[in-house]
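Each protein sequence line maps, in turn, to chains A and B.
Read in order, the letters of the first sequence correspond to residues 1 to 355 in the UniProt record's numbering.
Read in order, the letters of the second sequence correspond to residues 1 to 261 in the UniProt record's numbering.
Nothing false has been slipped in among the hints.
Computed cross-link-like contacts, SDA-like style, restricted to lysine to any residue with a CA-CA straight-line distance of at most 20 Å:
1) A:K24 x B:D105
2) B:K67 x B:G52
3) B:K55 x A:G251
4) A:K162 x A:L106
The hints are simulated quantities; they were obtained by calculation from the structure and are not laboratory data.
Small disclaimer: the values here were computed from a predicted structure and weren't measured.
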Amino acid sequence: MSSEPAALSAKHGRGLYRALVLRKQLILAGLAVALLLSLCIDLALGPASYSLDQVVLALVSPGSVPLQVRVVLWDIRLPIALMAVVVGAALSVAGAQMQTILNNPLASPFTLGISAAASFGAALALAFGVALIPAAIEYIVPLNAFVVAMLTALAIHLLSLKRGVTVETIVLLGIALVFTFNALVSLVQYLSSEQALAAVVFWTMGSLTKATWPKLIITSLILLATLPIFVRRAWALTALRLGEDKAASFGVKVARLRLETMMMVSLLAAIPVAFVGTIGFIGLVGPHIARMLIGEDQRFFLPASALSGALILSASSVASKSLVPGTIFPIGIVTSLIGIPFFISLILSNVRRSW
Amino acid sequence: MVTIRLDGLGAFHGARLVLSDVSTPIFRGGEVVAVIGPNAAGKSTLFKRIAGLLKGPGRVCLEGALKGPDGICYMPQDTAANAVLTVYESILLARKQGSAWSVSDGDLALIDGILAALSISDLAFRNVGELSGGQRQVVSIAQTLAREPEILLMDEPTSALDLHRQVEVLSFMRGLARKHGIAVLIAIHDLNQALRFADKCIVIAEGRMVACGTPEEVVTPALLRDVYRVEARIERCSRGIGHVMVDGVAAETAAAASIAA
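Given these sequences and hints, build the entire structure.
Rendered as C-alpha cells:
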C-alpha cells in the first residue's frame, strides 16, 4: 500500500470509466430511437392504417398530406400516442424514485396504493363534485387525485421511517391500501348517479383514448417541472442507495431529500391517473429494466427509467391495437399482463439478493 | 495547520442526552487519535455529533480548516449495500456530492490515485453489492478520502479486515495524516492497534469521556479493569510498543460501578 494516493496508475481506471459512460450514453440513445419507432408505429396503427412514410410526412410537413390524414394523426392519434409516452415516463420515474428512497424493489405508485388513492380522489370529484382543495371546476379532478395520493404517500413515508419496518411490511401495507381505496371507489360507484357511474368506471380501467391536447400539456408540464428537481439531486439520490448512514456522511440531508422526493412522486403518479385512469406496473417494470441496462447512477438511471417507461407504455399501446384487429384493447389490461409475471418473478427471485 | 478541539460536547438521540461533557485538548493535523471504549459507549455518537449529524450541547472548535465544517469527513461503520453501482462510481459519488453532473479528468485522476494507493484498483469495476465485508471497508475508506478531508472521523475502519490488512490500512492512514496534515480520529476496538498507531487516545464509556492522553498514559491496567472489566497487564515489545496481555475477567470494582452509574 502506497502512502502517495495521487500519483499511481492513473490512466487505466479513467479510460475504463469513460468507456462505461459512453456505453451508457449509447444505451440511452438506443432507448430513445426505439421509443421514436414505437411512437411512429403507434401513430400508423388504427382503423385506418397508414405507412410509416405517411406518418413521418404528416408530422414533419402537415400541409403535404390529405386533410383526412392530417386530422386523424394530429387531432386524434397524436395526443393519445404522446400521452402514452408522457404517462409512461412519469409513472416510471415515480416508481424509480420510490424504489430509491424506500430502498424497496417492489415499490411503485401502483403496488403501494398511490394510484388507487388518486383514483379515489378523482372519483370523489367526478361522482359528487367534492373538492378537497377549493379550485376551478375543471381542475378539481386532478387536484383531488393529487391530494389523496400525497396523503397516502406521506403515510407510507412515515411508516417506512419507523425502526424495524421491513421491505415486506411496506409491500403488505401497499396491498392493504390498494384494497382499501378500491373498496372506497366501489362505494363511490354504488352511491353515484348513473351518469357519474360511467365516468368513475373509466378510472378503474386505464385507457389512453380520452387523451386530449390540454391534458397532454398539463401532464407534460408536471413531468418537465419535476425532472429538473431530480436532476439537481442526482448525486444525492444515488448516494441513498449506499445506505442512509453513508449518504448522510456524504453530506446528504436524508430526511429532507426523502420527503421532497415523495411529494414529487405523488404528483407524478396522481396527475396521469387523473387523466387516463389507473395504468398498472409501468412504475415497477420501467425502473427495473433501466437498472438492469444502465445501473443506478441517477445521471443515467433517471433518463433510462423515463425512456423505458415511455417505451413500455407506447409499445403496450401498439399491442392494444394489434391484439384484436379492429378493436382497441384497454391498455391497463395489456400493462398488467406484462407486469404481473414480472412482479411475481421479482418476489420469487429473492428480491434482497437481486436488489 | 488544521486543529480541532471539543468543548463540552454532548449529543441527543431524540430527546435523550446520550453523550455529555466531552472536552479535549487541541488535536493537530498530522495526529492520529484513537477513540476507544466498550460497545455502545458512545464512540459513533461522538463522531456523528462532531460531523454535525446529531444535535447537542457544546462546541466543535476548528482552526485552520480551509473548508470549514465541510472539511470534517465522517466514515460510518460498514453496512452492506447492494446498489447496482461499480466501486469506481461509488467513489466518484462521494466526491461529487453537491456539485455539477460533469466529471473532470482531475476527479478521475484523484480516484485512480486513491484506488492504487489502497491497492484496490482490481475492484474498480466490480459492483459494490458483490464485495466481501473487508473489501467494502477499504472501498469505504476510498470514498471518504475522495472527499479530501481535513479532519477525518473513521468509525471502526478495520473491524472486518484481516491482521495484515489492518496493519496496512492503519499505517497508510498514519502516513496520510502526516503527509497531508489531516487530523485522523479512529474509533477502534483493538487496543494493541491503538497503542501501536495512535498519537493520542480518548476513552469513552457510558456516554462520557473518562480519559484522554497518549496511549501509554491512558491504556493502563486500572483503566482496563474499570472500563473493560478485564484484568490485564501492559507489556512492551522489543520496539518499545505496549501490548495488552489479558489475564481474565475482573470482578466489579468501585470505579467501574461509578462509571456505570
